[in-house]
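Student: In case you want the letters, here they are:
Number of protein chains: 2
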Amino acid sequence: MSATSLLLQLIVILTTARVCGWVLRHVGQPSVVGEMAAGLMLGPVVMGALFPSLHAQLFSKESLQGLSSLSTLGLVLFMFVVGLELRSTKTMREQLRSAGYVGVLSVVVPLALGIAISPALYPALAPKGVGFWPFALFMAAALSITAFPVMARILKDRGMTRTPFGQLSLGAAAVVDVFAWILLAFVVALVGAGEGYAGLLKTTVGMAVVLCALFFGLKPAFAWLLRVKAPDGEPSTTVMASLMIGLLLCALVTEWLHLHAVFGAFLFGACLPRDDRLLKSLTERIEPISIVVLMPLFFALAGLGTTSNAFSGASMGAMLLIVGVATVGKIAGGAVGARMAGYGWRDSLATGSLMNARGLMELIVMKIGLDAGLIGPELFTMLLVMALVTTAMTGPLINLFIGRKAPMADAGDAHRTPAKP
Amino acid sequence: MSATSLLLQLIVILTTARVCGWVLRHVGQPSVVGEMAAGLMLGPVVMGALFPSLHAQLFSKESLQGLSSLSTLGLVLFMFVVGLELRSTKTMREQLRSAGYVGVLSVVVPLALGIAISPALYPALAPKGVGFWPFALFMAAALSITAFPVMARILKDRGMTRTPFGQLSLGAAAVVDVFAWILLAFVVALVGAGEGYAGLLKTTVGMAVVLCALFFGLKPAFAWLLRVKAPDGEPSTTVMASLMIGLLLCALVTEWLHLHAVFGAFLFGACLPRDDRLLKSLTERIEPISIVVLMPLFFALAGLGTTSNAFSGASMGAMLLIVGVATVGKIAGGAVGARMAGYGWRDSLATGSLMNARGLMELIVMKIGLDAGLIGPELFTMLLVMALVTTAMTGPLINLFIGRKAPMADAGDAHRTPAKP
Numbered sequence: 002m003s004a005t006s007l008l009l010q011l012i013v014i015l016t017t018a019r020v021c022g023w024v025l026r027h028v029g030q031p032s033v034v035g036e037m038a039a040g041l042m043l044g045p046v047v048m049g050a051l052f053p054s055l056h057a058q059l060f061s062k063e064s065l066q067g068l069s070s071l072s073t074l075g076l077v078l079f080m081f082v083v084g085l086e087l088r089s090t091k092t093m094r095e096q097l098r099s100a101g102y103v104g105v106l107s108v109v110v111p112l113a114l115g116i117a118i119s120p121a122l123y124p125a126l127a128p129k130g131v132g133f134w135p136f137a138l139f140m141a142a143a144l145s146i147t148a149f150p151v152m153a154r155i156l157k158d159r160g161m162t163r164t165p166f167g168q169l170s171l172g173a174a175a176v177v178d179v180f181a182w183i184l185l186a187f188v189v190a191l192v193g194a195g196e197g198y199a200g201l202l203k204t205t206v207g208m209a210v211v212l213c214a215l216f217f218g219l220k221p222a223f224a225w226l227l228r229v230k231a232p233d234g235e236p237s238t239t240v241m242a243s244l245m246i247g248l249l250l251c252a253l254v255t256e257w258l259h260l261h262a263v264f265g266a267f268l269f270g271a272c273l274p275r276d277d278r279l280l281k282s283l284t285e286r287i288e289p290i291s292i293v294v295l296m297p298l299f300f301a302l303a304g305l306g307t308t309s310n311a312f313s314g315a316s317m318g319a320m321l322l323i324v325g326v327a328t329v330g331k332i333a334g335g336a337v338g339a340r341m342a343g344y345g346w347r348d349s350l351a352t353g354s355l356m357n358a359r360g361l362m363e364l365i366v367m368k369i370g371l372d373a374g375l376i377g378p379e380l381f382t383m384l385l386v387m388a389l390v391t392t393a394m395t396g397p398l399i400n401l402f403i404g405r406k407a408p409m410a411d412a413g414d415a416h417r418t419p420a421k422p
Numbered sequence: 002m003s004a005t006s007l008l009l010q011l012i013v014i015l016t017t018a019r020v021c022g023w024v025l026r027h028v029g030q031p032s033v034v035g036e037m038a039a040g041l042m043l044g045p046v047v048m049g050a051l052f053p054s055l056h057a058q059l060f061s062k063e064s065l066q067g068l069s070s071l072s073t074l075g076l077v078l079f080m081f082v083v084g085l086e087l088r089s090t091k092t093m094r095e096q097l098r099s100a101g102y103v104g105v106l107s108v109v110v111p112l113a114l115g116i117a118i119s120p121a122l123y124p125a126l127a128p129k130g131v132g133f134w135p136f137a138l139f140m141a142a143a144l145s146i147t148a149f150p151v152m153a154r155i156l157k158d159r160g161m162t163r164t165p166f167g168q169l170s171l172g173a174a175a176v177v178d179v180f181a182w183i184l185l186a187f188v189v190a191l192v193g194a195g196e197g198y199a200g201l202l203k204t205t206v207g208m209a210v211v212l213c214a215l216f217f218g219l220k221p222a223f224a225w226l227l228r229v230k231a232p233d234g235e236p237s238t239t240v241m242a243s244l245m246i247g248l249l250l251c252a253l254v255t256e257w258l259h260l261h262a263v264f265g266a267f268l269f270g271a272c273l274p275r276d277d278r279l280l281k282s283l284t285e286r287i288e289p290i291s292i293v294v295l296m297p298l299f300f301a302l303a304g305l306g307t308t309s310n311a312f313s314g315a316s317m318g319a320m321l322l323i324v325g326v327a328t329v330g331k332i333a334g335g336a337v338g339a340r341m342a343g344y345g346w347r348d349s350l351a352t353g354s355l356m357n358a359r360g361l362m363e364l365i366v367m368k369i370g371l372d373a374g375l376i377g378p379e380l381f382t383m384l385l386v387m388a389l390v391t392t393a394m395t396g397p398l399i400n401l402f403i404g405r406k407a408p409m410a411d412a413g414d415a416h417r418t419p420a421k422p
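Chains as they are written, first to last, in this note's numbering: chain R, 2 to 422; chain B, 2 to 422.
Simulated from the structure, these hints should not be mistaken for laboratory data.
Among these hints, one or two may not hold up.
Partial selection, computed: residues in chain R whose CB lies under 8 angstroms from chain B [unchecked claim]:
#1 Ser3
#2 Thr284
#3 Arg286
Each residue gets a CB set at the ideal place from its N, CA and C atoms; glycine is no exception.
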């Protein structure tokens, strides 16, 4: 019986995700937007409202533990690959200063705006028992996140990855990620630790120990393992198993430190040697199941966590405020940063628009917030809508600012090269 | 909290599986024997007896649903790959007659012995409400199964895959699989349908419809999809997603027909086009997660389903009887068949020994029997021990019968070629 309901859930979720992804790809959206929309559609807002008894039967409370386990594994594998893909290209290093401007400003502006709107949101939307500052800092982190993978995908689809503007945005997104995730880790530790500053200290010291163990222990150990056992970049079953056990261990330790498993998974990916063949073969081995099968479950569970209350009259104001502030903060921050680095207005606005794509990273942040009790289902729903809207507007905004046609990569479009100050 | 316990379970299970696999590989056993042993060790018989409170905490009843969902997905993916790898080589077709002798006899002899010992086992070991014949036929199917993948692995490890004896065994295992799985499907339908012959008729008609839909609908559809969308044998994300949805759908339909999801998964794999590049790229994409991460969970859950009652005085007799009958039936059946096909005694006994390796296929059969209520935990434990023992004895028996050294593949060891009658 349990196998039947699981298989049925998987089929419904995968089919909805693929159909939505396919439809939205045909209007020029990256498929992740479709998959996020599919999650929302499977939740109480759409499917639950249209077919309440079917919905209640298919996604009964008891049946969600299985889905949730599959989604946890998918999330850990996904964040591992994100960490694995984190790398600084030569161009990025050259553009470090420009990327720094854009990155810092497109964190600081949304962050400040997130704190600024928190007094308006806190009374109605914060769960009981959550202090103002953890709530405000979480909102700040939620608004300042950028989805590196979605951005990379949008740039790749348009053949803009290797343009100066593309490199600038990717570099800036890496800077943003570092800031936003550290902030998020800090907020979660603040709340999760529970025992005030003593708990925070424990988490901080624990993380310091983990980072040392990772970079001085695991990193050389796995570098050696991969050099000896997978010199051709093709890890054997034993190597794969060791990697998986190491990955799960890292995820478990960060979870124990009152952080979240995704941090450990990301760090473990980031600590593996930068090797293109290894990256390719690991991605080939992990992505098909984790991206195709497991991640749509994560989106669906996010959708199941939403509530239609968020679409009532009073809440709509808060939702519009969040979407507006998130968009303005990111685009303005990114664009001003790019201008300061010497880029033209069009490229600068396009850069800001790219920074505004939050994609599934926002969903991960939201899940962390929900798991930590920092937000409730209403705010969770609003942030999901915000993530959908900001990610979906990225493509059209880029079309608006720098045109629909992909500029020739590497073809020396010198007019886009910033005048170095 | 739930993520913590899942991560912890995964780490313990994967580590135990790898360590046991590694230890047993060093005494010449295929790693699957180690992984099966790891499952048994994590169950109540070893870990539960040694560290009862730790065991109860780590594998609490409520926490098993997550593991079980992951294992169901793993099993479906695994059986899909098994179906995918089912293919007749040219040599196999040439040896069809010989393989037929071996195959039929190494099904019929254990099957007859399985029915013969059932009257002795039925009173004490059959669950309440199960009729004698379903029980006896299930025992017959459980004794007559052969693990094609384990056999292929053992032959490959010894460089014997392309010897006449290796080809004969592989061909015979394919014949055995067809017979044993049809028998098993019949038994499960008999019991699962519940409403006697009307239910059985429903399942039979349903299966006929499914087979027609598969071979006249899905097979050409996916052949077309793969030809158009993956002409280089490298399925894109969309193709992978379609394959996964088709696979889950097949698994769901067989589950609905009171069969088991594994049948649908296997059939779906078997209905895809025979294409080496496709096989390679699908295997590369599916095996790392399904074999490395998910299948050990299946072994662990099997281990958790065992009971130490099976090792009490009275039960030991039944266990020895099962192990003995299983071994004698397979080796004798296979050897007599190979002799009839004109092989020498040594090769014939080695062939029989290979047919005796039941590996994880037996565990799948056991799980089907347990899910269908055909056997209880005690008999489940005995069959697990039988699967372990028969698989573990295969290597040493082959060493005994045809020597430790791998014969040169393709090197024309003519003395092993059967005198064609």
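Student: State for each hint whether it applies.
Tutor: Now the hints, each set against the structure:
no.: 1; hint: Ser3; in the structure: holds, 7 angstroms
no.: 2; hint: Thr284; in the structure: violated, 11 angstroms
no.: 3; hint: Arg286; in the structure: holds, 4 angstroms
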